[in-house]
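Trainee: Chains as they are written, first to last, in the numbering used here: chain A, 1 to 425; chain B, 1 to 311.
Hints are computed from structural coordinates only; laboratory data are not their basis.
Each hint should be verified, as a subset may be incorrect.
[Unchecked claim] Here are the in silico distance ranges between beta carbons for each label pair:
#1 B/Ala-190 x A/Gly-68: 42 to 52 Å
#2 B/Arg-23 x A/Lys-321: 35 to 45 Å
#3 B/Ala-237 x A/Ala-270: 49 to 59 Å
#4 A/Ala-270 x B/Asn-93: 18 to 28 Å
#5 B/Ala-78 x A/His-71: 23 to 33 Å
#6 A/Ser-116 x B/Asn-93: 53 to 63 Å
#7 B/Ala-78 x A/Gly-364: 51 to 61 Å
#8 A/Leu-220 x B/Gln-242: 37 to 47 Å
#9 A/Arg-345 x B/Arg-122: 40 to 50 Å
#10 B/Asp-216 x A/Ser-343: 46 to 56 Å
Glycine included, each C-beta is placed from N, C-alpha and C at the ideal position.
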Amino acid sequence: MPKLLIKNGRIIDPASGTDRIGDILIKGGHIVRIGEDLHATGVIGFDATGLIVAPGFIDMHVHLREPGFEHAETIESGSKAAAAGGFTSICCMPNTNPVNDDATVTRYIIERASHSAVVNVFPIGAITEDCAGEKLASIGSMKEAGAVAISDDGRPVMNSRVMRRAMEYARAFDIPVIDHCEDLNLSAGGDMHEGFHSVRLGLRGIPSSAEDVMVARDILLAELTGARLHVAHLSSRRSLEMIADAKARKLPVTCEVSPHHIALTDADVAFYDSNYKMKPPLRSEADTEALVQGIADGLVDAIATDHAPHPGSEKMQEFEKCPFGIIGLETALAVALEKLVHSGRISLMRLVELFTTGPARILGLNRGRLEVGAPGDVTIFDPELCWTYDVNRSFSRSKNSPFHGRTFRGGPVATVVKGAVVWRR
Amino acid sequence: MMPAGLLGIEELERSEIEAILNRAKDFQPLENQSFKRLDLLRGKMIVNLFFEASTRTRTSFEIAAKRLGADAISITAAGSSVSKGESLVDTLNTLAAMRPDAIVMRHSASGAPHFLARHLPRTPIINAGDGTHEHPTQALLDARTILDRKPTLEGLRVAIIGDIAHSRVARSNIYLLSKFGAEIVLCGPASLLPAGLACMAPGVRLTYDIREAIRDADVVMMLRVQLERQHEAAFPAGEYFQFYGLRLEHLDLIKPDALVMHPGPINRGREISSEVADSQRSVILNQVENGVAVRMAVLERILTSHAETAH
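Isolated chain A (complex conformation):
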């Protein structure tokens, strides 16, 4: 195990409220010292002068496509893209082939990741077998095998009775239930957010109510069952209001927001570019503003990318034929800095929290903080770095990003996992 000494960075650690210049020494995969003017022999030094040194970022919503769709992404390529985005831990959704709906698949992913991933990979198991929304998956054994949450992401459980049983059952295993909230009947056939722009472009709409109806249902079921509910990629203003209400009533409800939902709106879908097509769809400006305000108010618990690789052949089609989803690992921090910090809406401390203690708390992960004994995972970034995203140089096997060619202010500089620098700019 390498020894790494990160020197002279601005250490921001939301867990302890730390914000000061200092050094961090990592040995044996763990943080062994934090202080000023640290010295050690036989170490690799990293000069972090002028840079932010934060706990390793966690992305709790990623699609790695392996097993089954390795032409779109693999655990290795996805983990490299994560590292290049400053993430040291990622959670992968179960909609692979086979679906991660039992412990064998969970163990397979963990085994593959231990050989090929450059960051920590935590699988999320399915709620129902094959994500078909009918029979409960083996939730307990997946948790024992290492699954950190359950979700039928992309194919939400429509049957409320099945969802109720899943929540009840999951509660006993203290595993959070992540729901992609979408009423599939209301959204059926839709290609983008329903509103003026869908009418103008002649594309079928997905109303915000398709999300709101399910957020409402899930909150009611969480109240009924006592389960920990986490709403994935929340995108609608009304949904956020319901989350606020649930939190005010002390229900165990959390939510995440994706960078693209605060950076882009339905007005950006012009020209039928499928890199602007995802679920939930890019919403109205009012929704975007509400999400940013929700993040500033502390209603939103985490930022998660919903990194969804699709090969060019699938995204190079008529808009209505293209699959939903975009990649996002490499641009998440830059987008968040631009829309949240540089715009003056939140502090750097709050930003780091959304990428670290926020997701760690939801998932019960013992990481996301800088303290002696904690895993040696560190994200080093420069909030002022000027750089341009070239998707053709992405580590992802897929290139479906709406941010290609965009110049950002701020971005990751180096990613440290268990004391090893796994990526640096």
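With chain A held as given, fit chain B onto it using these hints.
Mentor: Just chain B now, with coordinates in the frame of chain A:
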């Protein structure tokens, strides 16, 4: 500057539209006189690519090209490599490699021609109807037909009745008529009349009541109920004619010299009664006639200006 192709009316300048409509007048056949073949586009090759069934649009594009002396080739999805699973991009790449001077395209997906125009920037693409988005040449021929009988579009009251949500004809007409200061009333079952329509252009108003919509109208455009584009029953089809069908009794509400239009194909007894379709007010067949003249003007404009800029 003329854009490379014609994707929609929305982005077209008013002066551009006027130029096309004026030129189309030159191409209208004189009474009882058969049309003489011109050679304005001699040596030009136009590919008509129809991914969706069409009779009048495809035929009139073909006739327009031939009357201008161009070579026109029509390809329909059923008889081409599209039916063998070739992607749209590959089909278009293949055709573009044969260096046509323009591609006329009809497709069931909204934005399909826009998507291709981005990938084939050197070949002008003419949108002959994309999904539920736009049908620019239809709006142009409708305007030509109105202007053959009215001095100006400005201030005209135009009612468009039917399945607006799924109508590319409605969208293109809304943009065009609004650019010329017409007053537009859109009418149909509420589930086919999304509120966003009112924000598409200035001068647009919505109503669910056909009588209110057509009262004192100068032009009534009836649309076909596009059952093939509805993904579920958005309205009870059985009572459509009762509430939204144009019948003889309605003709008393419109202005005495008002025109009744329909882009076709018409469904007698569904959105328009036979008596109205065949009445003196109906200019449905004049629309078809003008289809050729307007498409000649469009082809000439795009192919000759493109050739100039290419050199």
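Trainee: Please go over all the hints and tell whether each is borne out by the structure.
Mentor: Now the hints, each set against the structure:
no.	hint	in the structure
1	B/Ala-190 x A/Gly-68: 42 to 52 Å	44 Å, holds
2	B/Arg-23 x A/Lys-321: 35 to 45 Å	37 Å, holds
3	B/Ala-237 x A/Ala-270: 49 to 59 Å	34 Å, violated
4	A/Ala-270 x B/Asn-93: 18 to 28 Å	24 Å, holds
5	B/Ala-78 x A/His-71: 23 to 33 Å	31 Å, holds
6	A/Ser-116 x B/Asn-93: 53 to 63 Å	36 Å, violated
7	B/Ala-78 x A/Gly-364: 51 to 61 Å	57 Å, holds
8	A/Leu-220 x B/Gln-242: 37 to 47 Å	41 Å, holds
9	A/Arg-345 x B/Arg-122: 40 to 50 Å	44 Å, holds
10	B/Asp-216 x A/Ser-343: 46 to 56 Å	51 Å, holds
This entry does not satisfy hints 3, 6, going by the numbered hints stated previously.
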